[in-house]
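> Using the sequences and the accompanying hints, generate a full structural model.
Going by our numbering, the first residue of the sequence shown is number 1, and it counts up by one from there.
Don't take every hint at face value.
[Said to hold, decoys possible] So the derived label-pair ranges between C-beta atoms look like this:
| # | residue 1 | residue 2 | range |
| --- | --- | --- | --- |
| 1 | 126 | 20 | 35 to 41 Å |
| 2 | 134 | 52 | 34 to 40 Å |
| 3 | 48 | 75 | 36 to 42 Å |
| 4 | 18 | 125 | 35 to 41 Å |
| 5 | 12 | 69 | 25 to 31 Å |
| 6 | 52 | 130 | 15 to 21 Å |
| 7 | 45 | 132 | 25 to 31 Å |
| 8 | 56 | 121 | 28 to 34 Å |
| 9 | 124 | 72 | 36 to 42 Å |
| 10 | 96 | 33 | 30 to 36 Å |
| 11 | 135 | 38 | 30 to 36 Å |
| 12 | 45 | 16 | 36 to 42 Å |
| 13 | 72 | 28 | 33 to 39 Å |
Read the hints as simulated data drawn from the structure, not as lab findings.
Here the structure is a predicted model, which means the values were calculated and not measured.
Cβ atoms here follow ideal geometry from the backbone N, Cα and C, with glycine treated the same way.
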Amino acid sequence: MSGTSAALARSAAVYGAPEGWDAFLLARRRAEFAGPVLHVARDDARMARMAETLGFVVPEAELLRFPAWDCLPYARVSPNPVLVSARIATLGRLLEPARRPRVVLTTVNALLQRVPPRVAFRGASLDLRVNGDLQP
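Dropping the structure here:
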């Protein structure tokens, strides 16, 4: 079975679930698989509510938020720096091994936007800790 076929066999589309109940369905799906679970919300407000509910339902999970840009491509205004940092932080975390179960929360608009390749993020971050040592 190809990688794509295997991924589709593990996927599940859930729609029409009452708001709030969808978090419990997602938590159950999270418990069934070892890898990360992706939830695509309709918009940022629903993504935020899902994150809040999942924090209660699955407190042991690492919730990674991947928001959409707040401007159109090639617009004269730059995207909000908070959104840019959240997107980059999520992409960077996805390259690292998971220490806890992961749930990636995103929106339809964010999912449709192109992202740099993985190689662009490898080795592009620096982990700083209080009283930590820096390696040259």
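> Do the Cβ positions of residue 56 and residue 121 conform to the proposed distance bound of 28 to 34 Å?
Taking Cβ atoms as reference, residue 56 and residue 121 lie about 31 Å apart, which means the hint holds.
> If I claimed the Cβ atoms of residue 126 and residue 20 lie 35 to 41 Å apart, would that claim hold in this structure?
Since residue 126 and residue 20 have Cβ atoms about 39 Å apart, the given range 35 to 41 Å holds.
> Please check whether residue 96 and residue 33 have a Cβ separation lying inside 30 to 36 Å.
Violated, since residue 96 and residue 33 (Cβ atoms, about 19 Å apart) do not stay within the stated range.
> Within 36 to 42 Å: is that where the Cβ-Cβ distance between residue 48 and residue 75 falls?
Between residue 48 and residue 75, where Cβ atoms are some 23 Å apart, the hint is violated.
> Could you tell me whether the CB distance from residue 134 to residue 52 stays inside 34 to 40 Å?
holds, 37 Å
> Quick check: does the Cβ-Cβ distance between residue 124 and residue 72 fall within 36 to 42 Å?
violated, 26 Å
> Could you see if the CB distance from residue 45 to residue 132 stays within 25 to 31 Å?
This hint is violated: roughly 38 Å between Cβ atoms.
> Between residue 45 and residue 16, does the beta-carbon spacing fit 36 to 42 Å?
violated, 18 Å
> Taking the beta carbons of residue 52 and residue 130, is their distance inside 15 to 21 Å?
Since residue 52 and residue 130 have Cβ atoms about 29 Å apart, the given range 15 to 21 Å is violated.
> Taking 35 to 41 Å as the hint, is the beta-carbon distance of residue 18 and residue 125 inside that range?
At roughly 39 Å between Cβ atoms, residue 125 and residue 18 fall inside 35 to 41 Å, so the hint holds.
> Tell me if the beta carbons of residue 72 and residue 28 are separated by a distance inside 33 to 39 Å.
holds, 37 Å
> For the pair residue 12 and residue 69, does the Cβ-Cβ distance stay inside 25 to 31 Å?
Distance hint for residue 12, residue 69 holds at roughly 28 Å.
Hints 3, 6, 7, 9, 10 and 12, counting from the list given before, are not met by this structure.
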